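Chemist: If you want the building blocks of each chain, they are given just below.
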Amino acid sequence: MVNISVDIASLKLKNPVMTASGTFGYGEEYSEFVDLNRLGAIVVKGLSLLPKEGNPTPRIVETPAGMLNAIGLQNIGIKAFINEKLPFLRQFDTPVIANFFGDSIDEYVRAAVELCNASAASGGIHALEMNISCPNKQAGWIVFGTDPKTMEQVVTAVRKAANLPLIVKLSPNVTDIGFMAKVAENSGADAVSVINTITGMAVDIRRRRPVLANNTGGLSGPAIRPIAVRMVWEVCKAVKIPVIGMGGIMTANDALEFLIAGARAVAVGTASFTNPQATVEIAEGIERFMAEEGLSDINELIGSLKSI
Amino acid sequence: MVNISVDIASLKLKNPVMTASGTFGYGEEYSEFVDLNRLGAIVVKGLSLLPKEGNPTPRIVETPAGMLNAIGLQNIGIKAFINEKLPFLRQFDTPVIANFFGDSIDEYVRAAVELCNASAASGGIHALEMNISCPNKQAGWIVFGTDPKTMEQVVTAVRKAANLPLIVKLSPNVTDIGFMAKVAENSGADAVSVINTITGMAVDIRRRRPVLANNTGGLSGPAIRPIAVRMVWEVCKAVKIPVIGMGGIMTANDALEFLIAGARAVAVGTASFTNPQATVEIAEGIERFMAEEGLSDINELIGSLKSI
Amino acid sequence: MYRYFKAAVTGNSPVNRFFKLLSIYFPGEIITPEPGQFYMLQTGHTYDPLLKRPFSVFSHECSNAKDSNESSVTSNELKTKDKDLSLSSESSLQFLYRVRGKGTLGLAQMKAGDSIQVIGPMGNGYPAPEGDFIAVAGGIGIASLLPFLEKHRNRAYLFYGAQSREELVMLEKAGNAARETFITTDDGSEGRKGLITDVVKEFLNNSEKGSDKLSVISDKLKDKDSSLDSSLITHHSSLPLYACGPAPMLKALAEVVKGRGVKCYASLEEHMACGVGACLGCVVKTHSGQKRVCKEGPVFDIGEIAW
Amino acid sequence: MYRYFKAAVTGNSPVNRFFKLLSIYFPGEIITPEPGQFYMLQTGHTYDPLLKRPFSVFSHECSNAKDSNESSVTSNELKTKDKDLSLSSESSLQFLYRVRGKGTLGLAQMKAGDSIQVIGPMGNGYPAPEGDFIAVAGGIGIASLLPFLEKHRNRAYLFYGAQSREELVMLEKAGNAARETFITTDDGSEGRKGLITDVVKEFLNNSEKGSDKLSVISDKLKDKDSSLDSSLITHHSSLPLYACGPAPMLKALAEVVKGRGVKCYASLEEHMACGVGACLGCVVKTHSGQKRVCKEGPVFDIGEIAW
Ligand SMILES: Cc1cc2nc3c(=O)[nH]c(=O)nc-3n(C[C@H](O)[C@H](O)[C@H](O)COP(=O)(O)OP(=O)(O)OC[C@H]3O[C@@H](n4cnc5c(N)ncnc54)[C@H](O)[C@@H]3O)c2cc1C
Ligand SMILES: Cc1cc2nc3c(=O)[nH]c(=O)nc-3n(C[C@H](O)[C@H](O)[C@H](O)COP(=O)(O)OP(=O)(O)OC[C@H]3O[C@@H](n4cnc5c(N)ncnc54)[C@H](O)[C@@H]3O)c2cc1C
Ligand SMILES: Cc1cc2nc3c(=O)[nH]c(=O)nc-3n(C[C@H](O)[C@H](O)[C@H](O)COP(=O)(O)O)c2cc1C
Ligand SMILES: Cc1cc2nc3c(=O)[nH]c(=O)nc-3n(C[C@H](O)[C@H](O)[C@H](O)COP(=O)(O)O)c2cc1C
Ligand code: FES
Ligand code: FES
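Just so you know, the sequences run in chain order A, B, C and D.
Note that the working numbering has the first sequence beginning at 12, numbered continuously upward.
Note that the working numbering has the second sequence beginning at 12, numbered continuously upward.
Note that the working numbering has the third sequence beginning at 200, numbered continuously upward.
Note that the working numbering has the fourth sequence beginning at 200, numbered continuously upward.
In case anyone wonders, no lab produced these hints; they're calculated from the structure.
Remember, predicted model here, so these are calculated numbers, not experimental data.
Beta carbons are placed, not taken as given, at the ideal position from N, Cα and C, and that holds for glycine.
Zero decoy hints are in this set.
Residues of chain B placed beyond 12 Å of chain D at every Cβ, according to the derived structure:
no.: 1; residue: 98
no.: 2; residue: 118
no.: 3; residue: 146
no.: 4; residue: 149
no.: 5; residue: 189
no.: 6; residue: 194
no.: 7; residue: 218
So the derived label-pair ranges between C-beta atoms look like this:
no.: 8; chain 1: C; residue 1: 445; chain 2: B; residue 2: 39; range: 48 to 54 Å
no.: 9; chain 1: D; residue 1: 214; chain 2: C; residue 2: 230; range: 41 to 47 Å
no.: 10; chain 1: C; residue 1: 393; chain 2: A; residue 2: 218; range: 21 to 27 Å
no.: 11; chain 1: A; residue 1: 288; chain 2: B; residue 2: 13; range: 50 to 56 Å
no.: 12; chain 1: C; residue 1: 506; chain 2: A; residue 2: 101; range: 38 to 44 Å
no.: 13; chain 1: D; residue 1: 214; chain 2: C; residue 2: 210; range: 26 to 32 Å
no.: 14; chain 1: D; residue 1: 386; chain 2: A; residue 2: 99; range: 52 to 58 Å
no.: 15; chain 1: A; residue 1: 264; chain 2: D; residue 2: 445; range: 19 to 25 Å
no.: 16; chain 1: D; residue 1: 506; chain 2: B; residue 2: 146; range: 27 to 33 Å
no.: 17; chain 1: C; residue 1: 203; chain 2: A; residue 2: 88; range: 29 to 35 Å
no.: 18; chain 1: C; residue 1: 230; chain 2: A; residue 2: 99; range: 17 to 23 Å
no.: 19; chain 1: D; residue 1: 213; chain 2: A; residue 2: 99; range: 46 to 52 Å
no.: 20; chain 1: B; residue 1: 133; chain 2: D; residue 2: 445; range: 46 to 52 Å
Straight-line distance between alpha carbons at most 27 Å, and here's what the computed DSS-like set of lysine-lysine pairs gives:
no.: 21; chain 1: B; residue 1: 96; chain 2: D; residue 2: 494
no.: 22; chain 1: B; residue 1: 317; chain 2: C; residue 2: 450
no.: 23; chain 1: C; residue 1: 400; chain 2: C; residue 2: 462
no.: 24; chain 1: D; residue 1: 301; chain 2: C; residue 2: 205
no.: 25; chain 1: C; residue 1: 484; chain 2: B; residue 2: 317
no.: 26; chain 1: A; residue 1: 160; chain 2: B; residue 2: 248
no.: 27; chain 1: A; residue 1: 23; chain 2: A; residue 2: 171
no.: 28; chain 1: B; residue 1: 251; chain 2: B; residue 2: 317
no.: 29; chain 1: D; residue 1: 450; chain 2: B; residue 2: 63
no.: 30; chain 1: C; residue 1: 310; chain 2: D; residue 2: 310
no.: 31; chain 1: D; residue 1: 350; chain 2: D; residue 2: 372
no.: 32; chain 1: B; residue 1: 63; chain 2: D; residue 2: 490
no.: 33; chain 1: A; residue 1: 148; chain 2: C; residue 2: 484
no.: 34; chain 1: C; residue 1: 301; chain 2: B; residue 2: 317
no.: 35; chain 1: C; residue 1: 490; chain 2: A; residue 2: 96
no.: 36; chain 1: C; residue 1: 494; chain 2: A; residue 2: 63
no.: 37; chain 1: B; residue 1: 317; chain 2: A; residue 2: 148
no.: 38; chain 1: B; residue 1: 96; chain 2: D; residue 2: 484
no.: 39; chain 1: B; residue 1: 193; chain 2: A; residue 2: 160
no.: 40; chain 1: A; residue 1: 63; chain 2: C; residue 2: 484
Working from the sequences, and respecting the hints, build out all of it.
Modeler: What follows is the structure, given as C-alpha cells:
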C-alpha cells in the first residue's frame with residue numbers, strides 16, 4: 012500500500028491534492044463531477060466580511076497556455092457562506108479551508124474571527140487561508156502581500172485572533188518570495204500557499220483598450236507553472252513550515268514537480284475549468300507514479316529534488 | 012504612406028522592431044533568413060569583457076507556450092565581437108545595439124567603455140543595452156536589477172563612462188517594475204527595455220532533478236506575454252524615457268499590444284527560433300495594421316491605450 | 200448519466216464559408232439537452248487553446264442502444280474501446296458554429312475520429328411558450344434558437360438578422376420551422392437592409408395599432424397565408440419574445456420591449472472559463488443582483504438585465 | 200533556394216508501433232541535404248508545442264519540375280496556391296521518427312494536406328568515407344545513418360543496437376545497404392543480447408589480433424560471403440567509424456576507440472531552440488572549446504568531445 016496522506020499543521024489530508032481558491036466555487040458547483048470525499052482538502056472562494064460585487068465584465072481572457080482573470084473577489088460574504096454553503100460541505104469527510112481577505116488589517120482580523128467562531132460553534136471549517144494579494148486601503152492601497160512590513164502586521168494580527176490553522180497565500184509579484192515566506196513564518200503562519208496569480212494584461216488592439224474591464228488580471232494556468240515551481244522551491248529552502256504548491260498544475264506529473272521541489276501538498280486551480288475531474292485524476296496519478304517508482308510513502312518524494 | 016519609423020534616444024529606427032538580445036546571435040546567424048537592412052535595430056547577444064563559457068547543458072527546456080533557458084551568458088567577449096562580428100554588421104544600414112553585462116560595477120563600466128571606444132574608433136555600435144539581470148559578485152551576489160540601490164550605482168557609473176545612448180534592460184523579477192524603471196531613468200538611462208526573462212524551473216520527476224543543469228532558467232515566449240504587457244504599461248506610466256517592450260511577441264498583433272500600451276519599440280526574441288523571419292514579418296504586419304486602421308503615423312498608436 | 204464525457208467526433212463539415220457543423224457521438228447515456236442549453240467543448244489537444252468554449256446545442260439524438268440494431272462503425276469501435284461505460288443508450292449531438300478566434304479555429308480542425316471532451320448540458324434553456332411566440336435571432340444566435348423553433352413548430356414569428364445573405368445560415372430550416380420569417384441584413388443582400396430589432400419594433404407597433412401592414416420583406420419560405428389573421432393582430436403585440444444574438448442586438452431589443460408588458464427572454468453571452476458556475480467569470484448585472492450566465496442563464500428575462 | 204519554407208505533408212504513416220515516417224513536399228528549389236544533416240520541423244499549429252524539433256533527413260528527392268511530367272495532385276494544388284514561388288524544381292523529404300514527448304506527439308498527428316514549416320538542412324553531415332567504414336547505430340540513430348549507408352552502398356560494416364526486435368526499425372533496408380550487419384538488442388529478442396558498443400569493441404579487438412572470428416550473431420541479410428576476407432582483417436581495425444545513437448552509446452564508443460588511432464565521427468543530440476546557431480542552447484564541450492551541435496555539429500570527431 013502506498014501512503015499519500017500528508018499533514019499540514021493539524022490538518023490530515025487523505026491525499027496532497029486540494030482545490031485552489033476561486034476555482035472550485037464553494038464546492039457544490041463541482042460536486043456533480045467529483046466525489047468531494049476524494050479530495051485532500053476543499054479551499055473555497057475567497058470570502059470577505061460583507062458580500063462583494065467584484066469587477067465588471069469581461070473578467071476572463073485566455074492567453075497562450077493560460078488565462079487572465081479579474082473577478083475582483085466577488086463573494087457572498089462570510090455570513091452567507093456559513094449559513095448557505097457550509098452545511099453542504101459538512102457532509103463530506105474532507106477538510107474545508109476558508110480562503111479570506113480584507114482591505115484593512117481590521118477587516119482581516121474580523122473576518123478571521125468570524126470564521127473561527129462559526130467553526131467553534133458548529134465545525135466545518137478546518138483551516139484559514141489568508142489571501143494577502145489585496146491592496147491595503149489604509150496604507151495607500153499597497154498590496155499587503157508585496158510589502159514585508161504590511162504583511163507582517165496583518166499576519167501577526169490575524170494569527171493572534173484566530174485559533175484555526177493559518178495558511179498565508181503568497182503573492183508571486185515580489186522580488187524575493189523566499190523572504191516573504193520567511194516573514195509569514197515569523198509572523199505565525201502555520202503554512203504558506205505558493206503562488207497566487209501573476210498580474211498580467213491583454214490589449215484589444217482594435218479598440219485600444221485592455222481586454223479586461225479591470226485593465227489587469229491574474230495570470231494562471233500552465234503558462235505560469237515554471238515560475239510557480241521555482242518559487243515553491245525557493246520558499247521551501249527559506250522556511251520550515253509546510254508549503255502548499257500551486258500554479259499551472261494540470262496533470263499528476265505537474266503536481267509531482269511541486270512535491271519533489273518541496274511542497275507538502277498542491278492545489279489545482281485552472282485545471283478544474285478544463286477538466287472538472289482534474290483534482291481526483293491528479294491524486295490518482297500521484298499514487299500510480301509512486302507505485303511505478305516503487306515508493307511507499309509520499310514523504311520519500313516530498314523535497315527529494317537533487318539540485319546542484 | 013504610413014510612417015513606422017521611431018526614435019529611441021538619438022537612434023532612428025526604420026521600424027519599431029528590434030531583435031532581442033541572445034535570440035539573434037551576432038546577427039549573421041539569421042542573415043540567411045532575414046534581410047538585416049529591414050530590421051529596426053539589431054541587438055546582439057550579451058557581451059562581457061572576457062569570453063564566457065556559460066552553463067553546462069541541458070540549457071533549454073520547453074514549457075507550455077514558453078521555454079526556459081539557462082545559457083549562462085556564454086559569449087565570445089567584447090574584443091572578439093569587435094574584431095570578428097562587427098565588421099559584418101557594419102555592412103548594414105541598421106543600428107547595432109550592444110547588449111553587455113558584468114559581475115561588478117567596475118566590469119560593467121569597463122565593458123561599456125570598451126564598446127564606446129570601439130565605436131568611436133570605427134563606428135558600428137549605435138547604442139548600449141545594459142543587462143542588469145546578473146548577480147553582483149561584490150555585493151553578495153544580489154542581482155543588480157532587483158535591488159534599487161545596486162542598480163542606481165551601476166547605471167550611474169556606466170552613464171558617466173559611456174558616450175553612447177544607454178538602454179537599461181529591466182528584470183521582471185521585482186515587486187515594482189515601474190519604480191525600478193524610475194530609478195534607471197533617474198540614474199541616466201536614455202531608454203529602458205522591458206522585460207528580461209522571468210526566472211523559472213522545470214523538474215524531471217523520474218530523476219528528481221531540475222531539467223536544466225543550472226537548476227533554474229529564464230522563461231520566455233508567449234506564456235509570459237501578458238506579464239510583459241502589464242509591466243510595459245506600468246513602466247510607461249512611471250517614466251518619460253522611451254520604453255522598448257518585449258516578452259512573448261510572436262506576431263504583429265502581439266507587438267501592437269506593447270506599442271498601444273506605450274512601448275516606443277519592441278524586441279522579438281523566442282519568436283525568431285520558431286520562425287526565423289518573425290522580425291520582418293512583424294514589422295510588415297504592423298504597417299498593414301496601420302493601413303487597415305487608417306493610421307498614418309505609428310506615433311498615433313504608441314501609448315494610445317484607453318485604460319480606466 | 201454523464202455531464203462530463205469524452206465523445207468522438209463523427210463529422211465536422213462546413214455549412215458555408217462562415218459556419219461549420221460539428222457532430223459528436225457518445226456511446227452512453229447523457230442528459231437530454233433543452234433548447235437554449237449549452238455545452239463546453241474542448242477545442243484542441245494541448246494547452247493552447249486552454250479553456251473549453253461554450254456552444255449551444257444545435258440538435259441531439261438519443262437512442263436506446265439495446266433496442267436499436269443500427270449502430271454505426273464508430274459506435275461499435277467506441278463500444279469495444281470503452282467497455283466500462285454504461286451503454287444503455289447512445290447519443291449524438293450537433294453544434295453549429297462560426298470560426299472567430301483560436302478556440303473555434305481549433306474546433307474547425309477536428310476531424311472524424313478525434314476525441315473531444317465535453318461538459319454539459321449547462322445552464323437553463325428557453326422556458327416553454329404557451330402558444331405562439333416571437334423569435335429574434337442575430338447571426339449565429341440561430342444556433343441556439345433553431346432547436347427551440349423545431350420543438351415548437353409553426354408557432355414562431357421569426358425575425359432573423361445577419362450581416363449578409365451568406366450569414367443567414369440555416370435560413371431554410373429555420374423558415375420551415377417558423378410560422379413566418381422576417382429577414383434583415385446589414386448590407387441588404389437579403390431581406391430588408393437594416394437592423395432586425397427595428398423590424399421587430401415596427402411589427403409590435405403596427406400590431407398594437409391594430410394594423411396588419413408590416414412593411415417588411417417577409418420571406419414566405421413556406422406556403423402559408425402571409426397576410427396576418429386580423430383576429431390575431433393584437434395578440435401579436437402580446438406574444439412572448441425569445442432572442443439570441445450579439446449584445447448590441449439584445450440591448451436594442453430590451454429598449455423595444457420596454458414598457459410593452461411582454462415577456463422577453465434573451466440568451467446572453469459572456470467570456471466563460473468553467474461553464475459550471477465556479478469561476479464567476481461570466482456574471483451579468485441584473486436588477487436582482489449579479490447572475491452567472493453559465494448557471495442562472497444563459498437565458499434571462501431581458502427586463503431583468505441591468506444593461 | 201530556401202532554407203526556411205512551408206511544405207505540405209504528403210504522408211505520415213506508422214512504420215511499426217514505435218516509429219513513423221513523415222513525408223513532406225515543397226514545390227520549390229531547396230538545398231540538397233547531406234546524410235547527417237537535419238531539419239527543424241514544426242510540430243503543431245499553436246504555441247504548445249512552441250519550438251521546432253530537430254530531425255535528421257532520412258531521404259530526399261529533388262526533381263526538376265520543368266523536365267518532369269509526373270506531378271502528383273498535391274504538387275499541382277500547391278503550385279496554383281503558391282504562384283510566386285520558384286518552381287524550378289520540386290522536392291520531397293522524408294523523416295523517420297519516434298514518438299517521445301509532446302513535440303513528436305504533435306508531429307504524429309499531422310495528416311496529409313497539413314502545412315508544416317521547415318528550417319534546413321542545418322549542420323554538417325558525415326564526412327565522406329574513403330573506402331569501407333564502420334557504422335554504429337543506436338535505436339533511432341539509424342534515421343541519420345541510413346541515408347549515409349545508402350549513399351555509400353556496400354561499404355559499411357553496420358553495428359545496429361536497439362532495445363528490442365521491434366525497435367530495430369528499417370533493419371532490412373539498412374542491412375541491404377551495408378556490407379555486413381551486426382545486431383544487438385537489450386532484451387535479446389534479436390541478435391546478441393547486450394550493448395552494441397561491446398560488439399564493436401570485440402570486432403575491433405579481434406581484427407587487431409588478426410582473427411576473423413567474431414563471435415557475434417551476424418545477420419546475413421544479403422547473400423554475401425560472411426567470413427571476412429582475411430586480407431582485410433587488419434584493415435577493419437583501422438576503418439573510420441560513423442555513429443549515431445543515444446549519448447551513453449556514444450560515450451561508450453568513445454572509450455572503445457580511444458587510443459586505437461582510428462577516426463570516429465559521432466552525431467550528437469542536444470536540446471535545441473533555434474537550430475541555426477543563435478541561441479547557444481545546444482553546445483557541447485570539446486577539447487577546442489564549446490561547439491554548437493546545430494552549427495559546428497551535429498557530426499563531431501568523437502575524440503574531440505570532452506565527455
Ligand atoms: C452560452 C453560449 C452559447 C454559445 N453558442 C454558440 C454557438 O452555438 N455557436 C457559435 O458559433 N458560438 C456560440 N457561442 C460563442 C462562442 O462561444 C465563441 O464564439 C467562442 O468562444 C469564441 O472562441 P474563439 O477562441 O474562437 O474566439 P476568441 O478569439 O477567443 O474570441 C472571439 C470572441 O468570442 C468570445 N469569447 C472568447 N472566449 C470565450 C469564452 N471562453 N467564452 C465565451 N465567449 C468567449 C469573445 O467575446 C470574443 O469577442 C456561444 C457563447 C455562449 C456564451
Ligand atoms: C540533430 C538531431 C537529429 C535528430 N534526428 C532525429 C530523427 O531523425 N528521428 C527522431 O525520432 N529523433 C531525432 N532526434 C531527436 C528528436 O529531436 C527528439 O526526439 C525530439 O526533439 C523530442 O521532442 P518531444 O517534444 O517529442 O520530446 P520531449 O518530451 O520534449 O523530450 C524527449 C527527449 O527529447 C529530447 N528533446 C526535447 N526537446 C528537444 C529539442 N528541442 N531538441 C533536441 N532534443 C530535444 C530530450 O532530450 C528529451 O529527453 C534528433 C535530434 C537531434 C539533435
Ligand atoms: C478565476 C480565478 C479566481 C481566483 N480567486 C481566488 C481567490 O478568491 N482567492 C485566492 O486566494 N486565490 C484565487 N485565485 C488564485 C488560485 O487559487 C491559484 O492560486 C492560481 O489560479 C494559480 O493556480 P492555477 O494556475 O492552478 O489556477 C483565483 C484564480 C482564478 C483562475
Ligand atoms: C536563449 C536566450 C538567450 C538570451 N540571452 C540574453 C542576453 O544575453 N542578454 C539579455 O539581456 N537578454 C537575453 N535574453 C532575453 C531576451 O532578450 C528577451 O528579453 C526575453 O527572451 C523575452 O523576450 P521573448 O519572449 O520574445 O523571447 C535571452 C533570451 C533567450 C530565450
Ligand atoms: S463560466 Fe465560470 S461561473 Fe460561469
Ligand atoms: S539550437 Fe540554438 S544554437 Fe544550436
